[in-house]
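Participant: Each chain is listed here by its residues.
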Amino acid sequence: IQMTQYPSTLSASVGDTVVITCRASQRISGRLAWYQQKPGQAPKLLIHKTYTLESGVPSRFSGGVSMSAATEYSLTIYNLQPHDSATYFCQNHDRSPFSFGQGTKLEIK
Amino acid sequence: QVQLVQSGAEEKRPGTSVMVSCEASGYTFTNNDISWVRQATGQGLEWMGWVNPGSGNTGYAEKFQGRVTMTRSTSLRTVYMELSSLTSEDTAVYYCARMRRGEGDFDLWGRGTLVTVSS
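Chain order of the listed sequences is A and B.
Okay, so the first sequence: first residue is 1 according to the numbering used here, each after it adds one.
Okay, so the second sequence: first residue is 1 according to the numbering used here, each after it adds one.
A hint or two may mislead.
As the list claims (entries may be wrong) - What the simulated footprint calls covered on chain A by chain B, stretch by stretch (three residues with Cβ under 8 Å from a Cβ of chain B suffice, anywhere in the stretch; the number is not a length):
hint : region
1    : 42-51
2    : 61-67
3    : 86-98
Because the hints were derived from the structure by calculation, they are not lab data.
Heads up, the beta-carbon is just placed ideally off N, CA and C, and yes, glycines get one too.
Pulled out of the complex, with its shape left as it was, chain B reads as follows (with noise of 0.2 Å):
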């Protein structure tokens, strides 16, 4: 079954970090870009910057160059978005999405990951 299978939901104090997982299964893994991509609640669609699963390449938004960092497990299919400095503002539900390929379209998502920061 081609699908993303993302990990549980974190609740996060501000200023940690938070690693969000998506397996890939049911297609080549390497053949498609995977982008991150969040949604605060009752808010729009914010892409955060994709990564390749075959080179490891990334590419960020400016928002948040600096802060995020995504990296692969061809291995084990998998790839993960960590996001450091942790604000209020960043509690929101993160979904990674795959790229068709030669696109930019996302034609798969998971089902998304709640992230809440809380002191």
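Here chain A stands alone, though its shape is the one from the complex (with noise of 0.2 Å):
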């Protein structure tokens, strides 16, 4: 299963909304999962089952699927703020191999 994400960078301001793009090669029965990684560190899991928020996630993060594309998920961050400056990465959790995308660097101007 190939994960395509996209765009691989994207550069917002603080209080701004973002969307972030993964499409599965595959159908994967909603099993979409998105991390956040900040440099130096371990990713971290933010959503799974495409909407499901981590305990502690806040709000602002959400995720979606398209109506008319049930291999297109989206990670939304609203109200942008300085801290949310990382990398996404989405990952398919439905079967082997639990690919992940390639990553969007989120850049907070």
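Join these two chains into a complex; the hints should help.
Facilitator: The structure is reproduced here in structure tokens:
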């Protein structure tokens, strides 16, 4: 299963809303996770099963799936904060191989 | 404290093998599969495979079949990842990550182990 994530880089201002998209090469039954990784740190799980936020993750983070393309998933971050600056990865957690997208580097201006 | 503690950085010569360990604490060791994920500097995340700490069953990504071995010690609450026939392309940070039970997402990560392959 190939995961195609875009854009690869994103620059936005504090208070903005951004959307990161991830397309799976096959249906993955909504089993799509999102991770945040800051430099020098391990990834941190934000969302699993498309929509479910991990405990402690702010509600400014929201996962979704396209109504028209069931293999296209999204991560929306509302009201961007300076500490949201990080690289974000999607991951297929439906079946092996549990592949990741290439990552989106988010810069806060 | 719920955590995964990994072994320290390694420097290896091409053609040799490396073993990285990952000790689990704060939860029932046999309840969750453990995966290994690696990341070359400035690159993305690459899933390598998983091991079930209870049964010892494993599943490997096709790319690493024949070159990776994942094992565990239940008495030490530790899983191991051995990668053989190292090349410079294997230089990366290697992470162990706990898989949520019944799912395939990774809800707990080790801090990573840097493996450098250089002649």
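Participant: Taking the hints in turn, state whether each one holds.
Facilitator: Now for the hints, and whether the structure bears them out:
1. 42-51: holds (count 6)
2. 61-67: That given contact is violated, which follows from only 0 residues of the region 61-67 of chain A lying within Cβ reach (below 8 Å) of chain B.
3. 86-98: It holds: at least three residues are needed, and the region 86-98 of chain A offers 9 whose Cβ sits within less than 8 Å of chain B.
The structure does not agree with numbered hint 2 stated previously, though it agrees with all others.
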